[in-house]
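Asker: Given these sequences and hints, build the entire structure.
Protein chains: 2
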Amino acid sequence: MLAGLALWSLAACASGGTATTEVDPLPSWNPTPVKYALVDFVERVITEGDPRYLPPGERIATFDNDGTLWAEQPIYFEVLFALDRVRAMEADHPEWRTEEPYASVIANDPERLARLSQADLVKIIAVTHTGMTEQAFEADTKEWFATARHPTLQKPFPALVYQPQLELLDYLRAHGFETFIVSGGEVDFIRAFAPEAYGIPPEQIMGTTLGYRFQEVDGQPVIDRLPEVMINGDNVGKPVNIHLHIGKKPVLAFGNSDGDLQMLQYADSGDGPRMMLLLHHDDAEREFAYDRQSHVGRLDKAWDEAKKRGWTVVSMKNDFATIFPATPANDD
Amino acid sequence: MLAGLALWSLAACASGGTATTEVDPLPSWNPTPVKYALVDFVERVITEGDPRYLPPGERIATFDNDGTLWAEQPIYFEVLFALDRVRAMEADHPEWRTEEPYASVIANDPERLARLSQADLVKIIAVTHTGMTEQAFEADTKEWFATARHPTLQKPFPALVYQPQLELLDYLRAHGFETFIVSGGEVDFIRAFAPEAYGIPPEQIMGTTLGYRFQEVDGQPVIDRLPEVMINGDNVGKPVNIHLHIGKKPVLAFGNSDGDLQMLQYADSGDGPRMMLLLHHDDAEREFAYDRQSHVGRLDKAWDEAKKRGWTVVSMKNDFATIFPATPANDD
Chain D
573 MLAGLALWSL
583 AACASGGTAT
593 TEVDPLPSWN
603 PTPVKYALVD
613 FVERVITEGD
623 PRYLPPGERI
633 ATFDNDGTLW
643 AEQPIYFEVL
653 FALDRVRAME
663 ADHPEWRTEE
673 PYASVIANDP
683 ERLARLSQAD
693 LVKIIAVTHT
703 GMTEQAFEAD
713 TKEWFATARH
723 PTLQKPFPAL
733 VYQPQLELLD
743 YLRAHGFETF
753 IVSGGEVDFI
763 RAFAPEAYGI
773 PPEQIMGTTL
783 GYRFQEVDGQ
793 PVIDRLPEVM
803 INGDNVGKPV
813 NIHLHIGKKP
823 VLAFGNSDGD
833 LQMLQYADSG
843 DGPRMMLLLH
853 HDDAEREFAY
863 DRQSHVGRLD
873 KAWDEAKKRG
883 WTVVSMKNDF
893 ATIFPATPAN
903 DD
Chain U
573 MLAGLALWSL
583 AACASGGTAT
593 TEVDPLPSWN
603 PTPVKYALVD
613 FVERVITEGD
623 PRYLPPGERI
633 ATFDNDGTLW
643 AEQPIYFEVL
653 FALDRVRAME
663 ADHPEWRTEE
673 PYASVIANDP
683 ERLARLSQAD
693 LVKIIAVTHT
703 GMTEQAFEAD
713 TKEWFATARH
723 PTLQKPFPAL
733 VYQPQLELLD
743 YLRAHGFETF
753 IVSGGEVDFI
763 RAFAPEAYGI
773 PPEQIMGTTL
783 GYRFQEVDGQ
793 PVIDRLPEVM
803 INGDNVGKPV
813 NIHLHIGKKP
823 VLAFGNSDGD
833 LQMLQYADSG
843 DGPRMMLLLH
853 HDDAEREFAY
863 DRQSHVGRLD
873 KAWDEAKKRG
883 WTVVSMKNDF
893 ATIFPATPAN
903 DD
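Taken in order, these protein sequences are the chains called D and U. Just so we're aligned: 901 in my numbering is position 329 of the first sequence, and the numbers increase by one with no gaps anywhere. Just so we're aligned: 576 in my numbering is position 4 of the second sequence, and the numbers increase by one with no gaps anywhere.
Where hints are given, some of them may not hold.
Identical chains blur together in the list; that is why a pair holds if it fits in one copy or across any two.
[Unchecked claim] As a list, the in silico DSSO-like pairs of lysine-lysine whose alpha-carbon atoms are at most 30 angstroms apart:
no., residue 1, residue 2
1, K714, K880
2, K695, K820
3, K820, K880
4, K889, K820
5, K727, K695
6, K889, K879
7, K889, K873
8, K880, K695
9, K820, K727
Treat the hints as calculated values from the structure; they're not laboratory data.
Answerer: And the structure:
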């Protein structure tokens with residue numbers, strides 16, 4: 573496996589001419605077997621003549637978002653956005669002050685919030701995510717990303733992306749990979765921060781998809797967001813979205829929870845070289861520790877499947893040298 | 573407008589060093605105002621400092637497929653595929669020999685075929701496009717593209733792409749544009765020939781989208797094609813697909829019929845430099861001539877809108893120096 577690290581120093585010399593020191597493309601990954609396996613995989617698939625060589629068009633990598641590229645505790649950030657939006661929309665909806673589930677959200681009382689049911693959350697997501705144009709929703713999300721702070725980590729949400737994953741995305745793209753996000757979150761919510769945070773353009777982002785309606789309003793074409801789910805992007809929706817948006821099986825797929833199981837199964841079922849990864853959140857000190865019992869980002873069945881199939885389990889504690897970027901991603 | 577052509581000779585000199593002759597990136601386009609306008613648009617949006625400069629990520633071009641990138645007469649080629657598939661499937665469906673609309677298709681009697689209703693066609697599309705895995709459908713389409721011939725032009729269908737458009741796609745990509753197909757046709761049908769024919773990868777192809785279901789069969793993950801329409805990719809479905817798949821407004825959009833009207837309206841509504849084009853089929857001698865009265869590829873409302881908004885109408889007769897490639901695109 574040491575050959576992998578040797579390869580990147582050779583590559584640096586060959587391409588640079590004057591390069592004399594080794595350039596580590598993944599400085600925020602500890603020098604563990606996981607890092608060597610990643611570099612070995614990439615170096616082989618880009619090397620013509622290697623039995624594992626893949627032409628650029630086949631170098632498709634898909635990443636889950638919540639818990640894989642950025643944090644997801646204490647609850648998916650999109651839910652926090654929805655709760656904040658209900659409070660921001662209160663002025664236009666005075667009736668919400670006495671109407672549940674909105675009244676509990678406006679009161680912002682932890683006990684009442686904890687009692688919200690799944691049906692309540694669906695209502696909250698619906699009123700905050702639909703019934704407006706794309707343009708209006710984009711403005712809502714961008715404002716939130718610019719101003720909101722994580723409740724315990726006290727940082728803007730776009731600063732809660734994982735530095736090792738930013739390096740991995742860059743490393744893959746520098747070697748001809750296309751890097752896609754395949755999320756259970758709503759696609760336009762992710763598009764509001766991910767292009768800047770990860771360098772992934774909107775056309776390479778997919779997720780849960782609502783109904784859209786095109787119409788002309790006062791001579792201006794607009795797209796309205798409808799209160800219906802066209803594609804549920806989690807679980808079995810991940811391979812469906814991959815087929816719809818990419819039309820090819822990924823050769824590298826990276827998730828962190830049972831919601832990513834089908835994406836990994838689907839990607840792993842293709843011919844040729846493949847690498848499947850799961851990020852295990854086992855670092856209560858620097859981030860969060862959760863797996864089989866967690867309500868958010870549960871890692872249970874996918875973990876068993878990883879052991880059975882030899883997928884790579886990445887330990888946040890052991891494999892990540894750093895967790896978050898030193899400078900918030902949105903302060904550039 | 574002559575400045576446009578001057579620009580590409582300058583560019584050839586600057587980049588080549590030894591280039592002494594002008595290199596025309598669009599040899600199959602006649603030197604008409606349309607060609608000058610196209611080259612002028614592209615040269616300006618790629619030139620830093622020009623008020624119309626666009627960074628690469630905004631250089632999004634969308635093309636309709638039927639009638640814009642390849643022919644569509646006497647009827648959409650996908651319908652011809654469906655009719656051929658019914659005949660190929662007859663052996664497994666002996667009951668079809670006496671059951672309409674299949675019996676008429678199997679008999680292949682022009683008079684009976686002409687009497688098929690829209691509902692009949694929907695049935696025929698459904699049995700030939702759904703009820704199988706993605707893998708099986710891909711095999712069906714690829715076999716058809718390799719063997720079927722156009723009824724009057726007597727060529728394989730992938731040879732009926734327009735040479736001037738192949739050059740335009742190459743020219744755009746060489747200047748940092750991403751080129752997408754936005755079709756009313758079914759997305760996986762198009763993906764079976766378009767990557768090879770146009771150099772457009774599956775992830776940049778969108779169209780009418782059926783229901784997909786992911787499941788494991790004998791331990792193998794498969795995607796099944798369901799007899800339901802998730803997205804009707806024509807008309808108002810074009811801006812919806814563009815938003816879903818790209819998430820940005822195209823700066824160049826090229827269509828040929830009323831089915832492209834909303835795509836052009838949507839693309840034209842963005843800020844900054846834009847170019848909207850419609851291909852007018854007015855060349856009965858070399859291809860086909862049809863517009864306001866045609867059942868296939870009707871160009872009526874979109875033509876009026878083009879005149880009103882100053883969109884570019886491309887005359888196949890006057891602006892295309894050649895129509896089809898000299899060598900079939902699939903014989904490389």
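Asker: All the hints need checking, so say for each whether the structure fits it.
Answerer: Going through the hints against the structure:
Taking the closest pair of Cα atoms, K714 and K880 never come within 30 angstroms of each other, the shortest separation being 42 angstroms inside a single copy and 35 angstroms across copies. In this assembly of identical chains, the alpha carbons of K695 and K820 lie at most 30 angstroms apart only when taken from different copies (28 angstroms versus 35 angstroms within one copy). Taking the closest pair of Cα atoms, K820 and K880 come within 30 angstroms of each other only inside a single copy of the chain (25 angstroms); across copies the shortest separation is 41 angstroms, beyond that limit. Proximity of K889 to K820 under the C-alpha cut-off of 30 angstroms is found in neither arrangement, the shortest distances being 33 angstroms within a copy and 38 angstroms between copies.
Only within a single protomer do K727 and K695 lie at most 30 angstroms apart by alpha-carbon distance; the minimum there is 28 angstroms, versus 56 angstroms between protomers. In this assembly of identical chains, the alpha carbons of K889 and K879 lie at most 30 angstroms apart only when taken from the same copy (19 angstroms versus 63 angstroms across copies). In the homo-oligomer, the alpha carbons of K889 and K873 lie at most 30 angstroms apart inside one protomer (21 angstroms), although the nearest pairing across protomers, at 62 angstroms, exceeds that limit. For the identical chains of this complex, K880 and K695 are neighbours neither inside a copy (39 angstroms) nor across copies (44 angstroms), given an alpha-carbon limit of 30 angstroms.
Taking CA atoms no more than 30 angstroms apart as the test, K820 paired with K727 passes between copies only; the shortest distance there is 29 angstroms, against 37 angstroms inside one copy.
Hints 1, 4 and 8, counting from the list given before, are not met by this structure.
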